[in-house]
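Peer 1: Chains as they are written, first to last, in the working numbering: chain H, 80 to 1036; chain G, -9 to 259.
No wet-lab data here; the hints were simulated from the structure.
Where hints are given, some of them may not hold.
Calculated Cβ distances over 12 Å to all of chain H for the following chain G residues [what the hints assert, rightly or not]: (1) 70; (2) 102; (3) 151; (4) 224.
Partial pick of chain H residues on the chain G-facing surface, computed with a CB cut under 8 Å [stated by the list, open to error]: (5) 122; (6) 124; (7) 133; (8) 136; (9) 140; (10) 144; (11) 206; (12) 209; (13) 330; (14) 902; (15) 903; (16) 968; (17) 970.
Backbone N, C-alpha and C fix where the C-beta goes; we use that ideal spot for every residue, glycine too.
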Amino acid sequence: MRVSFLLDGARKDVDVQPGERLRDLLERLGTRTARNGCDGQGTCGACAVLLDGKLVNSCLLLAPQVDGREVRTVASYSRPRTLSAIQSALVDAGIVQCGYCTPAMVLALEDLLARVDVPTREDVKDALEGIFCRCTGYEQVFGAVALARARMKDPEWTPADAVDFRPDLLHVGKQRRKIDGSTLARGAPAFVEDRVEPGALHLKVLGSPHAHARITDIDTSAAEALPGVVYVATWKNTPEVYYGTAGQGFPEPSPYDRRMFGQKVRHVGDRVAAVVAESPEIAAQALGLVRVAYEVLPPVRSIADAAAPGAPRVHDGVVEYVVGAPADLDNSGADPRDGKVIYQFPIHGDPRRNVAAGVSGGIGDVAAGFAEADVVIERTYAGGHIQCTPLEPHIVYTKMEGDRLVIHGSTQVPYHVRRIIARILGVKENRIRVVKERTGGAFGSKQDMVLEEVAAWCTWVTGRPVLYRYTREEEFIASRTRHPMEIRVKLGAKKDGRLTAIEMDLKANTGPYGSHCLTVPMNACSKSLPLFLCDNVFFQVTTYYSNISPTGAYQGYGAPKGSFALQLAAAEMAEALGMDHLAFLEKNRVREGVMLEILRCLGEGREGVPQLVQSCGLGPALSRGAELLGWGRKEAPADPDLRVGHGVAIIQQGSGLPNLDSANATLTQFGDGTFMLHSGGTDLGTGLDTVVVKMVAETLKLPMEQVSLIAADTDVAPFDTGAYASSGTFFSGGAALNAATKMKALLLEVGAELLQEPVANLELAWPGVVRGKSRSVTYEDIARHTQTGTGRGQLTAWGHFITDKGSFPYGAHFCEVSVDVRTGEVKVLRYYALQDAGTPINPELALGQIYGGVLKTIGHSLWEEMVFDEAGRCRNPNLRDYRVPMIRDLPEDFRCELVDTDDPFGPFGAKSVSEISCNGAAPAIAAAIHDAAGVWIRDWPFSPEKVLAALKGAQPR
Amino acid sequence: MIEAFHRPSSVTAAVALKAQLGEGAFYLGGGTALNALGGPWHPRHLVSLAGLDLGGARMDREVLEAGATATLQELLGIPGLPDAMVEALAQEAVRNVRNQSTLGGRLAAPRPGSGLAALFVALGARLEVADAVGGREEIPLSQWLASSPETGLVTAIRVPRSTPPRRLAFGRLARSSIDLPVATVAVALGGTPPTVVVGAVHPAPVRMAGLEQALGAGTLDPEVVERFVADEVAPTSDLRGEAGWKRQAVAALVARTVEKARAGQGGTW
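Put together the whole structure using the sequences plus the hints.
Peer 2: Here it is, written out as structure tokens:
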């Protein structure tokens, strides 16, 4: 049928299907900024448009409904290279991270500010209540609205009280516009889906309906015969190459325990077959024509299931080692249909017992430590199964350019993806290019190669471009989640509060494959134990295979769960000692100048390195947090059913992996003196691209606009291990700084030649000159000189960053909660996160990382949980039933602050900031629940059922 | 698979068309339920109400009256609504859905979680329903929700005001803001016997008859209210919570909402 409407001011007369969604129509018309985050359930708001001036979800509207009406997208407010007041305010307030929801936010605020002159906090919440943002934690949007209002009157308006962490520097430590902010706020093409060309094939995967089964027969003939189907992939026609999907440095401490398609499926949604076809509809139809016979096996659903004697084996195939095979390795009973598990080196796995990996270690003598203690407590803590929920699901677009494969990815690890796919395809890495596009949220789930290799293979075989995008349901059941864990903690302490022994026995559930199976659980120990000064420490980690949804990396890695267990145990110990919790933390906490010996045995599959704590902001963080909260001073609530309590937790993370991570950057001078930086660093929306540009502009004393960047394109930018382990600023930033420092030396050298003065007399000066005692030359002069026929050649500098040093960000999180003693409901009333990030390179973006990390973890603590039925099927694979946090879930008073420290190792004294933010909410909230209502809830999420059961004296689950 | 999108220009034509199209034909108001992925309806024919001039909303001393295609947000814009009604409307859906969702669709299509339906049942709302031959009848919302009739088009909603006004309160319990409610509660006290309606727990809003009777006889302590409710609701275990917990939580919510109404915190009607 014919529909006529105004789209961003232009008349559109189009033929539509009667059931065509407006969102799909807009995409068909080339408008892609109405993004898809929930597959048309109407829960994420990313597809919002203004219909006759009112904000609506375009996925809930049929095209015929807009006949005769006016539709506006972000394009209505976007001009080339300039930003509207609202767009610039969102960027400058730090509320644009990945940018996938930004067009919807822009429209919501256009709608708001057209209706309300001076919006209150409630007005802003009302305007944005239907838009899901996983990155930012929403809080900074209130400042953005105020900024937008000011800029509507004066477009150049800038707050006079902007925080400046480094008055001695030009850019570092100051608010500067995020370099990709303009692209994202205007809704310019930036994401993988924006790169898809007409004629691309569509890939869909048939997922297993069973949690654990063997494929006894598979017939694809009917699917292949369907017109429009180009190729069908199964285990029969895909490489028998075993690999791991974890994007970790080679050789990985994760087993190679899967092939692209196998004869065994190990979770609901596991790959059975893939179809590539001329349209998504044909691909979907063809999936229905694939005939599969299964031998259904009993599923292993939990750690207890996996560890039980005689448990079904998730991996019952051949076990191999590249190096270090144990002498007693026995494959005599292996079932070849189960494939292989190949360890690169021993990580104490034993697939015959469903053990994927294990490790133990310690310092001192814990038996003696417990014997010395006046009080010993032993508790077990557990955490459920949670999902990263990036707004943009996993997506990849692959195509051939000549005889080379090009992969447009939304990935944290483009260089690892190149390496792994080259191996699967049986080609050298120089045949593959991976281009990391803007990433619509990742949070760790895109540290795994979740779907890239299937599309790559299909393009390699067919020669055709292929788009493969997860549905929201696939994102839940077949992407990556945080490992469920059970952690037994035993603490011993003297009456004065001094810890004498700590023991952590951690069991983790890695699910069907061993991605990060050693390192995530181990990280739960390595990022929690060093917070306490204790001479006697022992830890043990065992990770089990099972048939739940796959696990992997998630912001914080294992630390949030380890932190929950150890920090809550500390709170319980303080109570057992009759001591103030804060005083207990203060007595035992790590401080500057301490050597962390425990790290020697926490080296991610190798021997670790003890580290000296060079900087530690815990002191100021604890005192500032206690002051903000009014520690110990609680006002009785008016409602007699409510109890109010205070909680605190101390937290830490690392800044990349010493002796494991590596980053590179190259810097090239253009003919007019400007620069192009090629960085391997992978910006996920965190602001890393802005960090690396700042490194160069700061060092060379230039406006940031004179430094352009191409990052994370494997053809152009040099190797970088990727965006994980909180390494971005430290490693990728460090490499950019090293490249800039080398360029500085080159500029001085050429400057000396031109000025006829010794280098010792010269300095770089704003805005891009080499200044001598008597006169100066500009960078442009230098470029012209070096690039002439008699010059030394274009100035190019390479920077490399590795380190054996660790820099640890620290923090203290405080909260006030209310507990409803009649319903068990817990509400976070106030939350204060005080964090030490060293020098924050981008202060507003650093704060955005903290707000986002905290709100995610408040969600994990109170609401979020994947729920499975007896057969291993996820019952809530959507945003609503999983309960992602929205703006109305914010604490009424929510403040994140950076405490000032200076670290000697990181670039300009920077440490990491993002992942640590996820470590505090669960233990702080649990401690506050106890303070309020006298019950310890040791299993998150802290659902009202658990709280009410505990209040009624029943044993909490 | 939607085969056709129909745009009738009169109410009688719309009703006749839907009857003629039979099973698989649905009236389309805003479409926030019908167009959402994963719904149970699977429409083949949509009969759009957009051209029927069923919009508009107004309130006077006697009644709140709204056309079936008035949006939730339009209703919220009426000045002077009691707080309980503002709360129920605002919590019914997020703004980007309220801008599109129609009152008729919210009330006429079965939606167990609707707090607005619970409140309007408590206030004795009536639906104007048109038949295929130009007839219109008014039936109580409660009756419509109980019987889920397949025929007839809801054209307007009328919520009569009481004299003297009754004290209202609205309550809603949800695990988080995006989640569907565990329960909604509407309470109206004074004038006539007390009315207490619980939504979201059963397939349709349910009056707490025993509690209403007891409240009519005199003021009850919250603990007593809770005991009445616990006897009168029959929640089931689902993703929002286990049945035993729900029973306690709903009882507490009702008791609290009764107290709120008694204190006059939800306005009057």
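Peer 1: Find the hints from earlier in the document that the structure breaks and name them by number, from lowest to highest.
Peer 2: Result: hints 13 and 17 break, sorted rising.
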